[in-house]
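Undergrad: Residue-level listing of the chains:
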Amino acid sequence: MRMRLSQGDSVYYDLFTAAAQNVRNGVGVLSEALVPDADRAALVPVLKDIEHTGDEHTHDIVRRVNSGLKPPFHRDDIYRLAGALDDVLDDVEAALDLMVLYRIRELPNGIAAMIDVLDRAADLTAEAMPRLRAANELTKYWIEINRLENEADQTYRRLLARIFSGEYDALTVHKLKDVIETLESAVDGFERVANVVEQIALKQS
Amino acid sequence: MRMRLSQGDSVYYDLFTAAAQNVRNGVGVLSEALVPDADRAALVPVLKDIEHTGDEHTHDIVRRVNSGLKPPFHRDDIYRLAGALDDVLDDVEAALDLMVLYRIRELPNGIAAMIDVLDRAADLTAEAMPRLRAANELTKYWIEINRLENEADQTYRRLLARIFSGEYDALTVHKLKDVIETLESAVDGFERVANVVEQIALKQS
Amino acid sequence: MRMRLSQGDSVYYDLFTAAAQNVRNGVGVLSEALVPDADRAALVPVLKDIEHTGDEHTHDIVRRVNSGLKPPFHRDDIYRLAGALDDVLDDVEAALDLMVLYRIRELPNGIAAMIDVLDRAADLTAEAMPRLRAANELTKYWIEINRLENEADQTYRRLLARIFSGEYDALTVHKLKDVIETLESAVDGFERVANVVEQIALKQS
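Chains as they are written, first to last, in our numbering: chain A, 1 to 205; chain B, 1 to 205; chain C, 1 to 205.
Excised from the complex, chain A in its bound form (with noise of 0.2 Å):
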């Protein structure tokens, strides 16, 4: 019964881990595509893949709590991982196809400092998630991750700042901030997503 129960506990972990791989895949295929001579619209279906692959993930997590077994944490805390890290994937999506509806072709310098720190933000989210088990090793991971949330902040702003400033027409004003706003989004997801582990770690410990 007890080991029943562990490899319950174990199936989660592993879940969230692919899950946060997954995200983590997301965000490299957008960098891939914010670089300047990407060939964007190619990358638009690799990216509803993950989506896809994330899709799956997520009913494979409330299935799983579905199905009796108990979790090793509180239900509610499952349900909002798994919103969160699928929000990520989601405004992740939207910046691409945005900029590709949009025919947007050049990007304002500052964007590859957001792009920077949604990749970080991935790589730490995807290291995290293994841990969950041990939960006082995550301290580190969400202190890091509100930092490069409030980093991405100051960007943003002066982002926004940049492209209010006349050099870009009133048009290309509308469609970059909706761009930044989007990745601006994603990062303002991963926070909430180390929100997330650090309720789960406090109930734990």
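No lab work stands behind these hints: they were computed from the structure. Don't take each hint at face value.
Derived DMTMM-like pairs: lysine to aspartate or glutamate, alpha-carbon spacing no greater than 25 Å straight-line [what the hints assert, rightly or not]:
| no. | chain 1 | residue 1 | chain 2 | residue 2 |
| --- | --- | --- | --- | --- |
| 1 | B | Lys177 | B | Asp60 |
| 2 | A | Lys203 | C | Asp9 |
| 3 | A | Lys203 | C | Asp76 |
| 4 | A | Lys140 | C | Asp153 |
| 5 | A | Lys48 | B | Glu181 |
| 6 | B | Lys48 | C | Asp153 |
| 7 | C | Lys203 | B | Asp60 |
Ranges between beta-carbon positions, derived for each pair [claimed, not checked]:
| no. | chain 1 | residue 1 | chain 2 | residue 2 | range |
| --- | --- | --- | --- | --- | --- |
| 8 | B | Gln154 | A | Asn66 | 41 to 51 Å |
| 9 | B | Asp60 | A | Asn66 | 27 to 37 Å |
| 10 | B | Arg120 | C | Arg158 | 28 to 38 Å |
| 11 | B | Val35 | C | Arg158 | 24 to 34 Å |
| 12 | B | Pro130 | A | Lys203 | 33 to 43 Å |
| 13 | C | His52 | A | Ala113 | 15 to 25 Å |
| 14 | C | Arg158 | B | Glu56 | 24 to 34 Å |
| 15 | B | His52 | C | Glu144 | 11 to 21 Å |
| 16 | B | Glu56 | C | His52 | 40 to 50 Å |
Keep in mind it's a predicted model, so treat the numbers as computed, not measured. All residues carry an ideal CB built from backbone N, CA and C; glycine is no exception.
Following the hints, put chains B and C in place on chain A, whose structure we already have.
TA: Relative to chain A, chains B and C alone:
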């Protein structure tokens, strides 16, 4: 005592059914308001009345939770469900209010697809509430709402691309974008309603 | 043991009172910053200090929840209340930061009504926290906050209609809209604080 409790339970299902039916009415008025020759200003007080009825449903639900009778599902889920229904109605009312305030006459063609999604989501939600009691029959409902929300996402982005295409002047772009975002937010609201229903159903199962 | 516990409870009320008073101070600085001839750049570091103090309050609260002493209300509600207060301060700081970054000099007249709402919401919230202990006296507080939020919604939409009326150039519209949306988000934040307080009070009753 048993009967008393079961009576208490009935009241919740009835209240949520009434609340969702009221949201349904609100979306109906909005649909009317969005046809080209509608007298929108005349529909504003109609929608305010519906919003007022919605507030009364919410207060009834909260008061009942607070009355000491054990509710049929978790207090937090009841608040969240009432709150999510209320948010949809807020967006519905805001969309009409903005159109009147901004003196928007014509909407881009694609808007019909979004209103259609709202109509179908409102119908599905109103039909789902009486079945909260029999949680196992709700799977189709929330799968369909999630599908509709994905459909609306695509429509939404294509509508934005359309209004950014150069057809409209800069101020009209701002106004249309606000209205379209508010409609999209209403669709998201229906998805949040479905997510709470899903969690209630999974906990009961 | 009883006294120990009661001491532990006191600390929570004191911490939330201090956190809400700090938000109150932040709104005060923002009010100063929004008068026409304010030296806004000089107020940025003042508000950063207040935000830093807010972060310390949040960490104190989280650390205490994690210390093993049973808190006077549910852990999740404590995190949500601390988080909601923190969100208000983030918006307050963002509003000032954006005005400085965008080099906005004049604000539309209607903005005074929004600042007035923020001021009153901040006062009400700061006064409510010490009364968390006596939940039954909080009804007036959250009814009034909800009323203020509805008032702010109307003001907000009328402000948008005003800045979209043709008086401002396209880039100024973008900048003003961002600031006004951030103020509106701060008002919404006060409503979320009131919602958590309401749920805490209802659970205690």
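Undergrad: Now tell me if each hint is right for this structure.
TA: Results for each hint:
1. Lys177/B <-> Asp60/B: violated, 35 Å
2. Lys203/A <-> Asp9/C: The given pair, whose Cα atoms are some 19 Å apart, holds under the 25 Å limit.
3. Lys203/A <-> Asp76/C: holds, 10 Å
4. Lys140/A <-> Asp153/C: Roughly 40 Å separates the two Cα atoms, so the pair is violated.
5. Lys48/A <-> Glu181/B: holds, 23 Å
6. Lys48/B <-> Asp153/C: Since the Cα atoms of Lys48/B and Asp153/C sit roughly 14 Å apart, the hinted pair holds (cutoff 25 Å).
7. Lys203/C <-> Asp60/B: holds, 16 Å
8. Gln154/B <-> Asn66/A: 41 to 51 Å: Taking Cβ atoms as reference, Gln154/B and Asn66/A lie about 29 Å apart, which means the hint is violated.
9. Asp60/B <-> Asn66/A: 27 to 37 Å: holds, 31 Å
10. Arg120/B <-> Arg158/C: 28 to 38 Å: Holds, since Arg120/B and Arg158/C (Cβ atoms, about 33 Å apart) stay within the stated range.
11. Val35/B <-> Arg158/C: 24 to 34 Å: Since the Cβ atoms of Val35/B and Arg158/C sit about 26 Å apart, the hinted range of 24 to 34 Å holds.
12. Pro130/B <-> Lys203/A: 33 to 43 Å: Check passed, 36 Å falls within 33 to 43 Å.
13. His52/C <-> Ala113/A: 15 to 25 Å: holds, 23 Å
14. Arg158/C <-> Glu56/B: 24 to 34 Å: At 26 Å between Cβs, range holds.
15. His52/B <-> Glu144/C: 11 to 21 Å: Because 18 Å falls inside the window, the suggested range holds.
16. Glu56/B <-> His52/C: 40 to 50 Å: For Glu56/B and His52/C the Cβ distance comes to about 43 Å; the hint holds.
Violation of the numbered hints given earlier is confined to hints 1, 4 and 8; the remaining hints are satisfied by the structure.
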